[in-house]
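Chemist: As a plain string of letters, each chain reads:
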Amino acid sequence: EAQVTQNPRYLITVTGKKLTVTCSQNMNHEYMSWYRQDPGLGLRQIYYSMNVEVTDKGDVPEGYKVSRKEKRNFPLILESPSPNQTSLYFCASSPSLGQAFYGYTFGSGTRLTVV
Amino acid sequence: DAKTTQPNSMESNEEEPVHLPCNHSTISGTDYIHWYRQLPSQGPEYVIHGLTSNVNNRMASLAIAEDRKSSTLILHRATLRDAAVYYCILREMNYGGSQGNLIFGKGTKLSVKP
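Chains as they are written, first to last, in this note's numbering: chain Z, 41 to 155; chain F, -19 to 94.
Since the hints were made in silico from the structure, they are not lab data. Any given hint could turn out to be false.
Only pairs whose alpha carbons sit at most 30 angstroms apart, straight line, appear in this in silico DSS-like list of lysine-lysine [as the list claims (entries may be wrong)]:
| no. | chain 1 | residue 1 | chain 2 | residue 2 |
| --- | --- | --- | --- | --- |
| 1 | Z | Lys57 | Z | Lys109 |
| 2 | Z | Lys105 | Z | Lys58 |
| 3 | F | Lys86 | Z | Lys105 |
| 4 | Z | Lys97 | F | Lys93 |
| 5 | F | Lys(-17) | Z | Lys105 |
| 6 | F | Lys89 | F | Lys(-17) |
| 7 | F | Lys86 | F | Lys49 |
| 8 | F | Lys86 | Z | Lys97 |
| 9 | Z | Lys97 | F | Lys89 |
| 10 | Z | Lys97 | Z | Lys58 |
| 11 | F | Lys86 | F | Lys(-17) |
| 12 | F | Lys49 | F | Lys89 |
| 13 | Z | Lys97 | Z | Lys111 |
| 14 | Z | Lys57 | Z | Lys105 |
| 15 | F | Lys49 | F | Lys(-17) |
Bear in mind the structure is a predicted one, so any value in this text is a computation, not a measurement.
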């Protein structure tokens, strides 16, 4: 089944403890992206990647890192999480960013709580 | 990206058609109109997209005004499972870089009554 898989689904952590949220897609998509969703603020893009080794900042990149060493994986790294990063995170992929007629496939989400 | 305007919320009865409007008066000739929906506790889900002509798929229909300044997502027979937030998004065609990213607005929250 074609899908985007995020892990973990739920995570509670403490301030300052480094964590990684994994994202993997099995559709050979070039483009991947991370969003966060907060009440009243909607979905906001954190980082995106147009292909292997090519990443760029979205609207809210502060406090996050990403890497794209292989096509299928796009992990989101929080090196020193803070409570304001408590949010619902979604990973998405698409065949190509440059072609607007492709739809995105989203993962099921990771609910992160930083205490 | 050009901006879209949608009602904050709409209500529908089960098994009746639903017309979800979207205004995009500043749309450019190269913008595709995309619709996504987000069911409770799930990630957004692609619904349909179009450029100029009306489009149909198994989930919905998309009616695009002749001047392209507005569009309507049509659910032909609403079910309880269609209760979700529906997002109308414009995406530029054949652009690299951040212009082609999917930028979400607030969307329309659709409630479906039994």
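Chemist: Does each hint fit the structure? Answer for all of them.
Modeler: Hints versus structure:
1. Lys57/Z / Lys109/Z: holds, 23 angstroms
2. Lys105/Z / Lys58/Z: Within the cut-off at roughly 11 angstroms; holds.
3. Lys86/F / Lys105/Z: holds, 26 angstroms
4. Lys97/Z / Lys93/F: Violated, at roughly 41 angstroms.
5. Lys(-17)/F / Lys105/Z: holds, 29 angstroms
6. Lys89/F / Lys(-17)/F: With a Cα-Cα distance of about 18 angstroms, the restraint between Lys89/F and Lys(-17)/F holds, given a limit of 30 angstroms.
7. Lys86/F / Lys49/F: Roughly 19 angstroms between the alpha carbons, so the hint for Lys86/F and Lys49/F holds.
8. Lys86/F / Lys97/Z: Given that 30 angstroms is the threshold and the Cα spacing comes to 22 angstroms, the pair holds.
9. Lys97/Z / Lys89/F: Judged against 30 angstroms, a Cα distance of about 29 angstroms means the pair holds.
10. Lys97/Z / Lys58/Z: Between Lys97/Z and Lys58/Z the Cα gap is close to 20 angstroms, so the pair holds against 30 angstroms.
11. Lys86/F / Lys(-17)/F: holds, 11 angstroms
12. Lys49/F / Lys89/F: Satisfied, since the Cα-Cα distance of roughly 22 angstroms is no more than 30 angstroms.
13. Lys97/Z / Lys111/Z: holds, 18 angstroms
14. Lys57/Z / Lys105/Z: Distance ~14 angstroms between Lys57/Z and Lys105/Z Cα, so the pair holds.
15. Lys49/F / Lys(-17)/F: holds, 11 angstroms
Of the numbered hints given earlier, the model fails hint 4 alone.
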